[in-house]
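Number of protein chains: 2
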Amino acid sequence: MQSRFFTLTHYPTGLPKREFFSLESQELPDLGEGEVRIRNRWLSVDPYMRGRMTGLRTYVAPFELGKPMEGGAIGEVIASNHPKIKAGEKVSHMGGWRDIAQVPGDSVTALPNSDVPEQAYLGVLGMPGMTAWTGLNLIAECKPSDNVLVSAASGAVGSLAVQLAKAKGCHVVGIAGAAHKLAWLESLGVEPVSYKDRSAQELSDAIKLASTNGIDVYFENVGGVCLEAALSQLNDGARIAVCGMIDSYNAEKPAPGPSNLSQLVVRKAKMQGFIVADHWSSYRYFLNEVAPQVAQGKIVYKETVKEGLGSTPDAFLALFEGGNTGKMLVKLTD
Amino acid sequence: MQSRFFTLTHYPTGLPKREFFSLESQELPDLGEGEVRIRNRWLSVDPYMRGRMTGLRTYVAPFELGKPMEGGAIGEVIASNHPKIKAGEKVSHMGGWRDIAQVPGDSVTALPNSDVPEQAYLGVLGMPGMTAWTGLNLIAECKPSDNVLVSAASGAVGSLAVQLAKAKGCHVVGIAGAAHKLAWLESLGVEPVSYKDRSAQELSDAIKLASTNGIDVYFENVGGVCLEAALSQLNDGARIAVCGMIDSYNAEKPAPGPSNLSQLVVRKAKMQGFIVADHWSSYRYFLNEVAPQVAQGKIVYKETVKEGLGSTPDAFLALFEGGNTGKMLVKLTD
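For the record, the sequence lines run as chains H and D. Sequence positions in the first sequence follow UniProt numbering and run 1 to 334. Sequence positions in the second sequence follow UniProt numbering and run 1 to 334.
Treat the hints with care, as some may be off.
One copy or two, it doesn't matter: identical chains are merged, so the pair holds either way.
[What the hints assert, rightly or not] Derived lysine-lysine pairs resembling DSS-like cross-links, with alpha carbons at most 27 Å apart: (1) K253 <-> K208; (2) K253 <-> K196; (3) K196 <-> K90; (4) K90 <-> K168; (5) K143 <-> K302; (6) K208 <-> K143; (7) K208 <-> K168; (8) K86 <-> K253; (9) K67 <-> K331; (10) K208 <-> K196; (11) K17 <-> K253.
For the record, the hints were derived by calculation from the structure and aren't laboratory data.
All chains should be built: construct the whole structure from the sequences, respecting the hints.
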């Protein structure tokens, strides 16, 4: 059986060029012991993948040039050599960027029975959702009385962070760019703030208007002017959960950081980076709390869907141009 | 009785000019109820005072222009209208930048009986020492197995931070400039690293050589290239205690921050600012631990002493030019 997959041909500097992603195919070997074969239905593309394209050690190993790329995926088992996994089961796994995956059965997770569409397990109920929950609760220790600021607030992670904070009773400000994203945030009860064409000082002033009592928790996805503006509005004892800094992922040379980092001292504030994988043992707590709310429509989510395996690189690259509202997905059809 | 004191005439931009400090005098009023009159013997000048010269809210109120400046001081009570304080007692208090202070008795602290020279209560056993202890223990949660980096390591705060970390059993690297400071650090068992004429990359390489197993705890007093270099060498789970960023205190315009702040995510690191006043309830624990070691000579300290009230501004300004080893003090003589 043939598998079609993407490989990376170069470690890019700056925004990766489309032609650095090469669609290839291979005849799959016979199933090894414990292996399963999966027909993927949904592929995830996520900003963190840019970090695997640098060739440098980060918190995950870089993609190997010329080898199948990896990423979150949802699919149906079509053959199994694993005692506990049967053909026909739906699973989530890391064999993305391809149509047919062949992976160790121990590395896949069966999807729960639920009324939630299966692809939600790549988004609001998957890694991005767990990231929002972890950053807000375990890193920023968000309390109901907090004033909360979220950058990239309409993205896969941010849009759950704002809703979880609203559900706690927090006053929530969300930073986004496009008008329809700001409108969506407003419909969620979030104070929307645009970063477009604004200096750090102008963005800071806009945040101040949207949260007159300052900021106690900042959920950081962006960096750049968003971070500088947020630092200026911190309250004493503020907590910044640093999930990512997408602003810098494609920087061709190092971009300077915020000029007002000493606000951490003035405001006795904490700024802490985290990687969701380190907290995965809490995934069941996240799912217990959030899945029912998603099933009941109390937590909403959006998806931006590209069709067909061939569109995977475009879907990935669009993440850096604000091309997604909510979770960016690739839908595969037979 | 006359009191001579310094006032600030302007809120400076950049390094304050010497002439912005004006020496004035006034006839003191009669002692009010509960007040004490103190002949100061030692005055403290500290980098944090620059923050009180901005006219902007920080964690302490700004100095009022034309009013006596304030700061740590040690002196002898020469008159008391307070039931618990007697003339002849030695006290520490905040009525510095002057020769004779008249302050509420409730705001002064009697010096303990000890063999340690009285001025140590402005340094190694006072606010700077407590700052080092707080940052290392309460903020950075330093453990014996940690590799510790300290910037401004030969200063009043840094020189105690390195010794406390050494006493725990840590591998300790200290950043300083002048050769005699580096030599002193080496004599304390600290790996000395010079920041002079080094880019962030070059300083990072030097830190790597001095701590081949990376950095678990960074005690930050400086900012600038020191912070950028330190971020590049962090281990997973590193903790940065941000005590201050003296590099930026006299910046005439905002200086860019480090370009590699996303290392906080990659290394899942925490960066936390703190103000020692918030932790003052732990001062007795600090004193119980550190005072005996100072008395026994197990913890050493240096002082840089200027003579006479008139030299106070010069002593203060020298802090920003590396003019001190250890604690900068002004000694008053009758």
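Against the structure, the hints come out as follows:
1. K253 <-> K208: Answer is between; shortest inter-copy Cα gap is 22 Å, intra-copy 31 Å.
2. K253 <-> K196: both (22 Å within a copy, 24 Å between copies)
3. K196 <-> K90: For K196 and K90, the Cα distance exceeds 27 Å both inside one copy (41 Å) and across copies (60 Å).
4. K90 <-> K168: neither (33 Å within a copy, 53 Å between copies)
5. K143 <-> K302: within (26 Å within a copy, 45 Å between copies)
6. K208 <-> K143: So K208 and K143 pass the 27 Å test inside one copy only (20 Å; across, 40 Å).
7. K208 <-> K168: within (21 Å within a copy, 44 Å between copies)
8. K86 <-> K253: neither (49 Å within a copy, 65 Å between copies)
9. K67 <-> K331: Answer is within; shortest intra-copy Cα gap is 22 Å, inter-copy 70 Å.
10. K208 <-> K196: within (16 Å within a copy, 40 Å between copies)
11. K17 <-> K253: Classified as within; 17 Å inside a copy, 37 Å across copies.
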